[in-house]
Every structure is written in C-alpha cells, then in structure tokens.
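Spelled out from the first residue to the last, the chains are:
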Amino acid sequence: GAVVSQHPSWVICKSGTSVKIECRSLDFQATTMFWYRQFPKQSLMLMATSNEGSKATYEQGVEKDKFLINHASLTLSTLTVTSAHPEDSSFYICSAPGTSYEQYFGPGTRLTVT
Amino acid sequence: GENVEQHPSTLSVQEGDSAVIKCTYSDSASNYFPWYKQELGKRPQLIIDIRSNVGEKKDQRIAVTLNKTAKHFSLHITETQPEDSAVYFCAALGSGGYQKVTFGTGTKLQVIP
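Listed in order, the protein sequences are those of chains Z and E. Note that this note's numbering has the first sequence beginning at 1, numbered continuously upward. Note that this note's numbering has the second sequence beginning at 1001, numbered continuously upward.
These are computed hints drawn from the structure, not numbers from a lab. Don't take each hint at face value.
As the list claims (entries may be wrong) - In silico DSS-like cross-links for lysine-lysine, where the CA-CA straight-line distance does not exceed 27 Å: (1) Lys1071/E / Lys66/Z; (2) Lys1108/E / Lys1058/E; (3) Lys1071/E / Lys1022/E; (4) Lys1037/E / Lys55/Z; (5) Lys1037/E / Lys1022/E; (6) Lys55/Z / Lys41/Z; (7) Lys1071/E / Lys1100/E; (8) Lys1100/E / Lys1058/E; (9) Lys1057/E / Lys1042/E; (10) Lys1100/E / Lys1057/E; (11) Lys20/Z / Lys66/Z; (12) Lys1108/E / Lys1068/E; (13) Lys1100/E / Lys20/Z; (14) Lys1068/E / Lys20/Z; (15) Lys20/Z / Lys1042/E; (16) Lys1068/E / Lys55/Z; (17) Lys1037/E / Lys1100/E; (18) Lys1042/E / Lys41/Z; (19) Lys1068/E / Lys14/Z; (20) Lys1108/E / Lys41/Z; (21) Lys1022/E / Lys64/Z; (22) Lys1057/E / Lys1071/E; (23) Lys1100/E / Lys64/Z; (24) Lys41/Z / Lys1071/E; (25) Lys66/Z / Lys1042/E; (26) Lys1042/E / Lys1068/E.
Just so you know, these numbers come straight off a predicted model, no measurement behind them.
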C-alpha cells in the first residue's frame, strides 16, 4: 500500500523559534497533501490543503503567515511553524489522498514548544 | 462546510458485548464515510468505510450502516475484545475539491476484560 512518512517524529523547540516538519509520499506522487493538527483528547482538525506548485489553501482561523506550507515537489510537502509558542504544541499529521477515496496518513509529529 | 457530529464521546463495554457509535453529517453531497481507529500517539488507521451508494457494509466483527436520507451513519463492533480499546473517529468526504475529509469528535472506547 501507499506509504507517507513524516520527519521528525517528535521535536522540542524553544518559544520564538521556527520548526519545519516534512511529509513525504514514498511510493506514489501526491499533488495534494493535507495538514492536520490534533490537540490532546481532541479530533483531527484540518489546517490547510497543500497543492504542488501553487499556494496552500488554509482553513478558517489558521494563520497562513504562522504556518508556512511549501509543496515544491510531487512527493514532499513541508509545514513550518514560525515563531512557535507553547500553545502551538500539538500532534501534527499529514495525509495524501489515494486514487479513490482513501487517505494515507503520515505517522505524525509531536511538537513541544517550551 | 461539512460538519460531523459523533456520539458518544466515551463508551465502556464488557468484553464480548457490542459497541455502537453514531455520527451525523451536514453536507448532503458527501459521498464517502470512513471510520478510523487511533491509538495514543499513532496515526489514524482505517478500519472500514462506506460509500453513499451502499446502505451497509460488514467486515468480520465490524459493520457500518448509512442512512443518506437522515444523514446518519453508525459503526457496530460485535464481540468486543480488549484490543478494540482505542479512540474511534467517523469522517465524511465533503463535496468540495481535493478530497477534504472532516472528522467527527471521536469516541473513546474502553473494553473491560
């Protein structure tokens, strides 16, 4: 089956710094990828849709200048959390759609901002 | 946009009993309804899905029913086992582009041995 990887799996950063999370489709091409955020004991909330070669589409309430998304190739999308604050601490998951309706999820990245 | 509501938020059952989780959605154009199981710190894992042209689907101990008229779908787990304990999410694929999936709020299922 299709595989999506994420790197890093967990990261700790200091308040005010930026951190980049990578999402890769390993054995298929993904013109679209999705970025979700999941706070403890909550559901996955879609943050943005990443489109290869064009600007990302952000969900209402998500600051596009804070969460920078780059989808520079058909296998890689990156999410950069700029000027991170403790409230940005969360579990970030990416996904890529398959050829039908299925979604292939990455393993997630646990971000802790101190 | 799509809105998916899920009940109950927590569910405890005795091992061997059945568990039922219910969801409703708002977008009548939604046409795909997956169910995911998520263990702590892990990615969501697809356990069953149903498309809008089907009313019911079963896979061993797991079944899903869909009522398009009522915009309601349910997950049924029979003969529950301790390893079924996890958080379950229903979801709906909306009518917008890019196959955007909206998740329900989740149900924490505890199977008591």
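Problem - Violating hint indices (sorted, rising) - result: Violated: hints 1, 4, 6, 14, 16, 19, 21 and 26.
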